[in-house]
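Student: Taken in sequence, the protein lines are chains A, B and C. So the mapping is simple: the numbering used here equals the position in the first sequence, first residue as 1, plus 1172. So the mapping is simple: the numbering used here equals the position in the second sequence, first residue as 1, plus 3. So the mapping is simple: the numbering used here equals the position in the third sequence, first residue as 1, plus 486.
Keep in mind that the hints were calculated from the coordinates and are not lab data. Even glycine gets a Cβ: it sits at the ideal position worked out from N, Cα and C. Treat each hint with caution, since some may be false.
What follows is a set of in silico ranges between Cβ atoms, one per label pair, in the way DEER data are often shown [as the list claims (entries may be wrong)]:
#1 A/N1322 with C/S488: 52 to 58 Å
#2 B/D67 with A/Q1588: 43 to 49 Å
#3 B/F100 with A/S1741: 50 to 56 Å
#4 A/G1462 with C/S488: 55 to 61 Å
#5 C/G542 with A/G1462: 48 to 54 Å
#6 B/Y134 with A/Q1588: 41 to 47 Å
#7 B/A32 with A/S1482: 55 to 61 Å
With a Cα cut of at most 30 Å, we get these calculated DSSO-like pairs of lysine-lysine [as the list claims (entries may be wrong)]:
#8 B/K37 with C/K696
#9 A/K1524 with A/K1677
#10 A/K1354 with C/K540
#11 A/K1420 with C/K540
#12 A/K1354 with A/K1365
#13 C/K539 with A/K1672
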Amino acid sequence: MDNEKFIKKAKNELKEAYDYDSEDPLFGLAKEDISGDRLSRRTTLRLLAAGGALTLANVLPGLRPSVAFAGGHGGGELKCAWSGVGEIVTLDPAKINQVLQFQIASNVLSGLMHIDNSLVAQGDLAESWTVSSDGLNYTIKLKEGVTFHNGDMFNADDVLFTFNRSKDPEQSIHSRVISNVKELQKLNDYEVKFTLSKPQASFLTKALERASGRAMTIVSQGALDSMGAAQYGLTPVGTGPYKIVEHKQGGSVVLERFAEYYDPGRPKLDKITITPVDGAEPLAAALEAGDVQYVGGNPIPSQLIDRFKSNSNLKVDIKPGPGFQSIWLNPWRDYMRVDSFDKPLDELKKEKGFQVRLAIAKALDRDLFIKQAKFGNGYPAHGSINPAMGFYFDEDLANVSEQAYDPEGARELLAQAGYPGGKGFPEIKLQTTPNTKRDGLVVANILKQVLGINVIVDPKDFSVGIEEFDTMDYDLRLGGSGGDYDPDDGLVDWMQTNSKFNGRKRDKSKYPFGFYSEAESDAAADAQSLVADPQERRELVRKANRITSDKVTCGFLYHPVDVLVHHKSVQVPEEARIPGLHELDRISLA
Amino acid sequence: MMSNHADQDNERRPAKFLAITRINDVMQADKKAKVGLVILFIFLLTAIFAPFLAPYDPNEMTLDMMSAPSYQHILGTDDLGRDLFSRIIWGTQVSLFVGFVTVAIALIVGVFLGVWAGYYGGWIDMIIMRYIDLQWAFPNFIIAVYLVAVFGTGLLNIIVAISLAFLDDFARVARSMVLSLKEQPFIEAARVQGTSDFRIMFKHILPNAMGPIIVQASVSISYAILGEASLSFLGLGVNVNTPTWGLILADGRSFISQAWWLGVFPGLAIMLVVLSINFIGDAVRDAFDVRDSGI
Amino acid sequence: MSGYILRRIFGALLVMMAVATLVFFMLRLVPGDPIAAMLADAGSDEARDALTKKFGFDQPVIVQYFKWLLNLLQGDLGTSLYGSNQSVTNILYEALPRTLSLAGLSFFIAIAIALPAGIISAIKKNSAADNTVSVFAFLGLSMPDFWLAILLIIVFAANLQWLPAIGYVPLSSGFWEWLRHLILPSIAIGTGFSAIIARMVRSSLLGELKSDYMRTAAAKGLSPSSMVVVHALPNAMLPVVTVLGIAIALLISGAVVVENVFSIKGLGRVLIQGILNRDYPVVQGAVLLISAFFVFANLMVDLLYAVIDPRVRYE
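Between the sequences and the hints, there should be enough to build the whole structure, so can you do that?
Tutor: What follows is the structure, encoded as structure tokens:
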């Protein structure tokens, strides 16, 4: 079938897909549609559209030639490089604090839920689930006949064990993720019930998700008891598609196909070797020499992307990444002081401190930044909701936000604040991590060019930097979030008065709030968290996003891209392409 | 152990010119030393006149990123479109400043401690020597790395760290010289005449001990310059807004296969400066005939 | 003699003890919160409190010190604050063979270059060969090891693709694989080292060749080559041994930097990463081991010197 015919057929199919409405893909979806053993085709389509990931391939599975893979176990060995890291420090879900760690662990351990490539939660060890109408009770039926790599059978006790381990802050660093769970009950060997303190729209995708949640990624009690927590951190045992056969500190992780995996169609490969590769040059050398065929781990250094694109042996796939990076502005510094954001925007704009903040945000030439710092790979950001969230992403924001790049306006504001051409403005520090130093230099250069102010880049090790961020002891800080799959990740974690990063350890008598506090956006962000109706939720998300953008919670800079690079011989189907993750069980070799 | 070179003949000449005269004699004869002096002098001038010599602002970014050496940019541009030649010129300042200042500090403090300990002996000597022994348990560079880790990065901290790391070498050399000199007749004579201890230590003993100390200084300067470059390279350097050779190399490392010039020229600059100091140091060593003391 | 050896060993142990104390207390001055590093951005306040308690950071420093010392004497260096809390002893145990392999091969390369070069330039003093050796020795001395490492990567890894640019493979995976990964870093470290040794061999051998007994040997009609190898060289090695201490310091410092260029997780990289992560126990362990290695190496050099040179007084 040629392409044109194919697209035409797909479009027809889309039109006829029940009451599909491209403007409002989730209209009319009831709770029953989302609960259940699997989502109906109609629901799936709408969720896909809502996620912004509705592609022709989803509509006509199997019809599109390039995604037509033979199912089942194809065998072979895949060699992967894990970029930007010298070692995989831990794979224990209770200890994982880097994306590149859960990218591996997610192939070894299962969760109750797992997001698909449209960032929608699907059952993993959960066979089916129902949600009570008040949104407080989640009853989950577990898959039967699932075994751990060590031969132990999986049942409700493992869910309880994992829950109790994750709840204990001494054993797990993710106890907060499930702090909203009031109680977990075992109904029978294959059924459990979560009771929440308050409704949480993101419960399935945030708390129960195996990769990004990490609190309910099922661990093996038997293996933990027999090998101890330190060894379990290197070679965890789970129920996932691959088992770890070798992993020494600082060495490669070797995975082997787990023959008893619950889905007989997966995994497709026999063996996977994951080697940590630190540094851009060694990564390029390893890939170009064919020593590795697939790259995971930290984002691929931007300067290599064009180089890989021009290599005919490699395939480069670029998608919006789930995250944002910003310039955080400390409102307690005199020259950009704002004592309260709870005022109409027009009034705020008359305050000198706010004028400086807005001037800095407006001066951010995001296109230039992306060209220079990211070699063209990235999307300009004006809010914390990222384009990977599709349905929730607000494309208009770039045009309507107060923060939109406007050098003239920025200079004018700075002059109004009493610093014409940057004269009299103090020399300020922009804190970065050692890894984002280069980005910081580009930002400093832009601020110098546009506003004439001197910004000194000050890279600090993460532990020092985050301490200063938490105690509000910085001028500017370059930072942000990754792995944001749900609007909660962008709004609740970052944009609210009580957000976990909002001056958590500040001296509360001196600073009533951290970097930002505003009642209206707080309310909208709270509300969206509780609303189950996606359309209504989107409106609330949009509202919170726009307020926080206009009132300069921070100067939003860019959304990263998610880049997948692999050898041509590696087949990566669309459903394996989840931004920020690597679904190694769905990958095969030609 | 260093030997005493203050023979009878030299004693009648004013002691403070002794060392310089001897260095001067050897420099005149040594071709390497002349080459070294010329190179070092060029770098010194470069450091002083950097603002006039650099064709571009070393921090000015353009979208002309990683362009090869050309007429506009004789050493090419870096990954942020900054002129590499201008950055290396400015880098001379930090490199030489850190190299000379740290050794000057280490020399003054170390020699003072060493002379004090050697002259008085007793518990002062004990404490100072135990401290020196403690430092002796680490390679100098490891001390510097550790101190930067404790104090943090930045120009001042780097200078403190490297000075402290080299301090024990000077104290050790000075102390052993004092021990061998303090029983000499001319010191006895001064003591009998009622000269103060301070005067004896710094007017009579020290000038006669300058030889090995100068040799030690010439060795230390080259290691201090290499040390600063290594610290910058490891990300424990001055700061990222000031171009230094180690930093340029560290930053360029991720781009070397697309822009080899980023990996070659800054290192060449480090090597030339260190080489010139080694040439000079070699001649200084010949002057004082202390070949066996090491490097 | 044995009393001298015992005294030296006891002295070295005392120094190590002082080093341990110094390292423990100085590290408490480091800015930054180790618990923050552990949690990255994932932590809640409860998790923070729980971990602080677990690692005993809530106790007075002096209590932490004595606990640590007591454990140290039992060979327990604590656990890493990071990841899944591997024991520090274990981390160092994994790192040590990497650094030893690297140091050993660097040493081998250095000696293999330095000895012949030094001997030739001493015998053929002021010849073209001597001048060449001299020039290379100066270059080797002046070249920063990390720069040489980068140049080697540009040429042999990035362009020619003969040798890998990073990583370490244990000897158990095959000799060639092991060697292949170590060649470039070892050259980077060994070059400066060989320059020092070559210069030392040359000047020391020149001194011996001028001495009376050599003239006597020549008068007796011994062949020049046997004169050098049998008589002059062994004597000339004495001063060379004394500079080994300095050279070993360079070797260790070189390993710290070069391991970081080649991503080899030896002691140097463990140390630098520990510093960046504020991983107190790991930094303490690494510094202790590095200085123990250094103190021990110097002790061996001194004892070796005492054995081969009867003139040394055993005071």
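Student: Now tell me if each hint is right for this structure.
Tutor: For each hint, the structure was consulted:
For the pair A/N1322 and C/S488, the beta carbons lie near 55 Å from each other, so the given range of 52 to 58 Å is met. The hinted window of 43 to 49 Å between B/D67 and A/Q1588 is violated, with their beta carbons roughly 35 Å apart. Checked against the hint of 50 to 56 Å, the pair B/F100 and A/S1741 passes, with Cβ atoms roughly 54 Å apart. Taking 55 to 61 Å as the suggested C-beta distance range, the pair A/G1462 and C/S488 conforms, at roughly 60 Å.
C/G542 and A/G1462 have their C-beta atoms about 49 Å apart, which keeps the hinted 48 to 54 Å range intact. At roughly 59 Å, the beta-carbon separation of B/Y134 and A/Q1588 lies outside the given 41 to 47 Å, and the hint is violated. B/A32 and A/S1482 have their C-beta atoms about 59 Å apart, which keeps the hinted 55 to 61 Å range intact. Between the alpha carbons of B/K37 and C/K696 the distance comes to roughly 28 Å, so the proposed pair stays at or under 30 Å and holds.
A C-alpha spacing of about 27 Å is found between A/K1524 and A/K1677, which places the hinted pair at or below 30 Å, so the restraint holds. For the hint linking A/K1354 to C/K540, the alpha-carbon distance of about 26 Å falls within 30 Å, and the restraint holds. Distance restraint check for A/K1420 and C/K540: the Cα-Cα separation of roughly 25 Å lies within the 30 Å cut-off, and the hinted pair is therefore satisfied. For the given pair, A/K1354 sits about 11 Å from A/K1365 by alpha-carbon distance, which is consistent with the 30 Å threshold.
With a CA separation close to 21 Å, the supplied pair C/K539 and A/K1672 stays within the 30 Å bound.
In this structure, the earlier hints numbered 2, 6 are contradicted, and the remaining ones agree with it.
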